[in-house]
Each structure stands twice: as C-alpha cells, then as structure tokens.
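Number of protein chains: 2
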Amino acid sequence: MKTKTIELEAIGVIKTPWKTPDNMPIQPTGAKGIKGIIEVFPKFSDGLKGVDGFSHIMLIYQLHLVENTKLEVIPFMDNTPKGIFATRSPKRPNKIGVSIVEIEKLEGNKIHILDVDMMNNSPLLDIKPYFEDFDNRTGTKKGWLTNKQDIDKYHFKSDKRFI
Amino acid sequence: MKTKTIELEAIGVIKTPWKTPDNMPIQPTGAKGIKGIIEVFPKFSDGLKGVDGFSHIMLIYQLHLVENTKLEVIPFMDNTPKGIFATRSPKRPNKIGVSIVEIEKLEGNKIHILDVDMMNNSPLLDIKPYFEDFDNRTGTKKGWLTNKQDIDKYHFKSDKRFI
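As you go down the protein sequences, you meet chains P and W in turn.
If you want my numbering, it's the 1-based position in the first sequence plus 45.
If you want my numbering, it's the 1-based position in the second sequence plus 45.
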C-alpha cells in the first residue's frame with residue numbers, strides 16, 4: 046500500500062502558559078493544576094454538548110512547533126537512543142500529541158482545562174471523552190520506562206533536546 | 046485564528062478481521078484477543094526499536110471508511126443525541142481513532158497485536174507506548190456514560206448507524 050497524504054482541519058486552538066518548548070512539563074501528570082483554554086471554532090461548537098458531563102477529555106492536537114522528524118531519539122527520562130515509536134518524543138513522523146486533561150468548565154465554545162502540557166496555540170484536531178472503563182490498562186509492561194517510577198514525574202520538565 | 050489544513054502521511058496500515066463497519070467491536074475492550082497486524086512502511090521501521098518492550102501501545106489512525114461528519118449523534122450505548130465530542134462516534138470532523146492494543150510480537154516492520162477494534166486497512170498515523178503511570182485516570186466523572194458499566198462492554202457490537 047502506498048503512502049498517501051491525509052488532510053485534516055483544526056477544530057480549534059489550545060491556549061496555554063507554555064510559550065517555548067524548554068522547561069515545560071512533559072506530560073499532563075507533570076502539569077497538575079496548570080490552566081489552559083480550548084477555543085473550539087464556532088462552526089464546531091454544537092459538537093461540545095454534554096462534554097462537560099465528563100471530568101476528563103483526551104485531546105488530540107498538532108505538535109506545531111516541531112520542525113524535523115527523527116526515527117531514533119534519546120528521550121527525556123533516559124540517556125540511550127530508542128525508536129521514536131517507543132517514546133513520547135514530539136519529533137514523530139506525524140506531529141500528533143495526545144493529552145488527557147481535566148475539565149474545569151465549559152463556557153460556550155470555550156473549555157477551561159487543567160493539567161495542560163502542550164504549547165500555546167497548539168492546533169486542536171479532536172476531543173474524545175475519557176471513559177476509564179475503556180481507557181485504563183493496568184499491569185502493563187513498560188519497556189525502557191520500567192523502574193522510571195522513581196523519577197519525580199510530577200515535576201519532571203523538558204530540556205532543549207527537542208527544540 | 047483561521048482554520049487551516051494540516052497534512053499528515055500514513056506511517057503504515059493496520060490489517061484486521063473487520064471488513065465492514067457493521068457488527069464489530071466498538072472498543073478494544075470489546076475485542077479481547079482479536080488479532081491484527083500493523084505493517085509499518087519500511088522507511089519508518091527504525092522507529093520501532095524497543096517498542097516491543099511495552100505490552101501495550103496507543104494507535105492513532107484514520108477512520109478511513111467514514112464518509113460524513115455529524116456534530117450531534119446518537120451513540121452506541123445510548124438513545125439520545127450527544128455532541129460528537131462527548132462521544133467516541135467515528136463521524137467526527139477529523140476522522141481520527143485512538144485505540145490501546147496489546148503487543149503479541151514484533152517481527153521486522155510488522156507488529157502483531159491483540160484486541161483490535163479498527164477496520165481492516167486503517168491508515169496508521171502514530172504509535173505511542175502506553176505507560177500507565179502517565180495514561181491512567183481513575184475516579185473520573187463519566188457524563189452520559191455514567192451507569193453504563195452494566196452494559197456488557199466485552200461483547201457490545203456496532204450496528205449500522207455510522208455506516
């Protein structure tokens with residue numbers, strides 16, 4: 046099967062305090078309580094009905110500041126190279142980020158959110174309700190992240206390696 | 046901010062037993078043990094190194110058979126309309142699916158996987174390692190899905206509404 050182009054359209058934009066990719070949280074779990082606002086473009090706002098019944102949503106967005114791709118990277122939290130698909134590094138072939146954030150409130154076409162770990166003005170591609178009965182996995186094998194639980198994930202920050 | 050086009054490129058294709066969107070599982074939890082094969086295009090295969098250290102991966106893929114978009118839908122598991130972003134319905138503005146599947150084995154550029162709930166030949170956009178320390182949320186508020194735990198999610202199947 047041939048590689049082909051897939052065209053997507055941003056449904057909104059995510060406003061966050063993170064203006065540069067250095068020294069920011071690397072996951073929502075490291076951004077506890079940090080506030081952001083999702084601005085869904087008005088033509089999509091009917092799609093938000095009922096979303097605030099959920100406490101958490103999964104955001105799918107473009108890692109829009111990433112310029113190049115690497116198939117092997119030295120990730121945060123380690124010091125040897127890994128395949129990009131064995132990491133959460135942003136230098137992925139398709140620059141797609143996924144973050145699970147908490148909803149503070151819905152106001153019109155704006156969703157106030159907590160635990161934001163994405164860059165300011167990230168183009169938003171999709172919002173899915175987080176449903177723990179479907180989305181949780183436990184007892185998983187964690188590859189090179191095994192024994193990284195000791196890292197203080199609540200305060201771990203990015204550095205300049207992916208800029 | 047204006048809506049703009051975002052161009053992505055498939056990194057591979059997902060082979061599954063599901064050839065038509067009728068009567069298929071609606072989530073990986075409803076597809077326990079169902080086998081599929083991810084064929085990553087050779088030019089991306091270096092990115093797979095170490096991915097099989099993880100037992101689970103998050104797949105981001107295109108819902109390629111979905112033709113139209115709806116901002117309000119009547120989802121599986123309910124009978125009243127919801128905003129599309131409060132559901133997992135495939136008729137989303139950007140036809141992106143996310144599934145957490147189990148790795149059986151990695152062979153070259155092929156990943157044998159279990160719990161597949163996506164259509165055969167779904168174009169793959171990204172693979173992320175599932176890391177439960179980052180990705181699990183518990184005690185969440187479940188909106189219209191509250192009290193749907195009684196539904197037999199392990200056997201719930203799609204019907205023709207999203208074809």
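Be aware that one or more of the hints could be misleading.
No copy labels: a pair is met if it fits in one copy or bridges any two.
To be verified - Distance condition first, Cα-Cα at most 27 Å in a straight line; then the derived BS3-like pairs of lysine-lysine:
no.	residue 1	residue 2
1	K150	K186
2	K115	K64
3	K88	K136
4	K155	K49
5	K49	K187
6	K49	K77
7	K155	K187
8	K80	K94
9	K187	K60
10	K80	K115
11	K49	K80
12	K94	K155
13	K193	K49
14	K187	K136
15	K186	K140
16	K60	K77
17	K80	K64
18	K193	K60
19	K77	K88
20	K150	K115
21	K60	K88
22	K136	K193
What the hints contain is simulated information worked out from the structure, not anything from laboratory work.
Hint-by-hint comparison with the structure:
1. Taking the shortest Cα distances, K150 and K186 sit within 27 Å of each other only across copies (13 Å), while inside one copy they are farther apart (35 Å).
2. In this assembly of identical chains, the alpha carbons of K115 and K64 lie at most 27 Å apart only when taken from the same copy (23 Å versus 34 Å across copies).
3. When the C-alpha separation of K88 and K136 is checked against a cutoff of 27 Å, the pair qualifies only between copies, where the shortest distance is 15 Å, while the shortest distance within a copy is 31 Å.
4. For the identical chains of this complex, K155 and K49 are inter-copy neighbours only, at 19 Å across copies versus 34 Å inside a copy, given an alpha-carbon limit of 27 Å.
5. Proximity of K49 to K187 under the C-alpha cut-off of 27 Å is found in neither arrangement, the shortest distances being 32 Å within a copy and 37 Å between copies.
6. For a Cα distance limit of 27 Å, the shortest separation of K49 from K77 qualifies neither inside one copy, at 38 Å, nor across copies, at 30 Å.
7. Taking the shortest Cα distances, K155 and K187 sit within 27 Å of each other only across copies (20 Å), while inside one copy they are farther apart (36 Å).
8. Taking the shortest alpha-carbon separations for K80 and K94, only the intra-copy value of 22 Å comes in at or below 27 Å, while the best inter-copy value is 35 Å.
9. Proximity of K187 and K60 under a CA criterion of 27 Å is satisfied inter-copy only: 25 Å between copies versus 32 Å inside one chain copy.
10. In the homo-oligomer, the alpha carbons of K80 and K115 never lie at most 27 Å apart, since the shortest distance is 31 Å inside one protomer and 30 Å across protomers.
11. Taking identical chains as interchangeable, the C-alpha atoms of K49 and K80 lie at most 27 Å apart only when they sit on different chains, with a minimum of 25 Å there against 37 Å within one chain.
12. Proximity of K94 to K155 under the C-alpha cut-off of 27 Å is restricted to the intra-copy arrangement: shortest distance 12 Å within a copy versus 40 Å between copies.
13. Taking the closest pair of Cα atoms, K193 and K49 never come within 27 Å of each other, the shortest separation being 37 Å inside a single copy and 39 Å across copies.
14. With identical chains, the CA atoms of K187 and K136 are at most 27 Å apart within one copy only, with a shortest distance of 21 Å there and 33 Å across copies.
15. Taking identical chains as interchangeable, the C-alpha atoms of K186 and K140 lie at most 27 Å apart only when both belong to the same chain, with a minimum of 25 Å there against 30 Å between chains.
16. In this homomeric assembly, K60 and K77 come within 27 Å of each other (Cα to Cα) only inside a single copy, at 16 Å, whereas the closest approach across copies is 38 Å.
17. In this assembly of identical chains, the alpha carbons of K80 and K64 lie at most 27 Å apart only when taken from the same copy (14 Å versus 43 Å across copies).
18. In the homo-oligomer, the alpha carbons of K193 and K60 never lie at most 27 Å apart, since the shortest distance is 30 Å inside one protomer and 33 Å across protomers.
19. In this assembly of identical chains, K77 and K88 lie within 27 Å of each other by CA distance neither inside one copy nor across copies; the values are 31 Å within and 38 Å between.
20. Taking the closest pair of Cα atoms, K150 and K115 come within 27 Å of each other only across two copies (24 Å); inside a single copy the shortest separation is 37 Å, beyond that limit.
21. Taking identical chains as interchangeable, the C-alpha atoms of K60 and K88 lie at most 27 Å apart only when both belong to the same chain, with a minimum of 19 Å there against 35 Å between chains.
22. Taking identical chains as interchangeable, the C-alpha atoms of K136 and K193 lie at most 27 Å apart only when both belong to the same chain, with a minimum of 22 Å there against 38 Å between chains.
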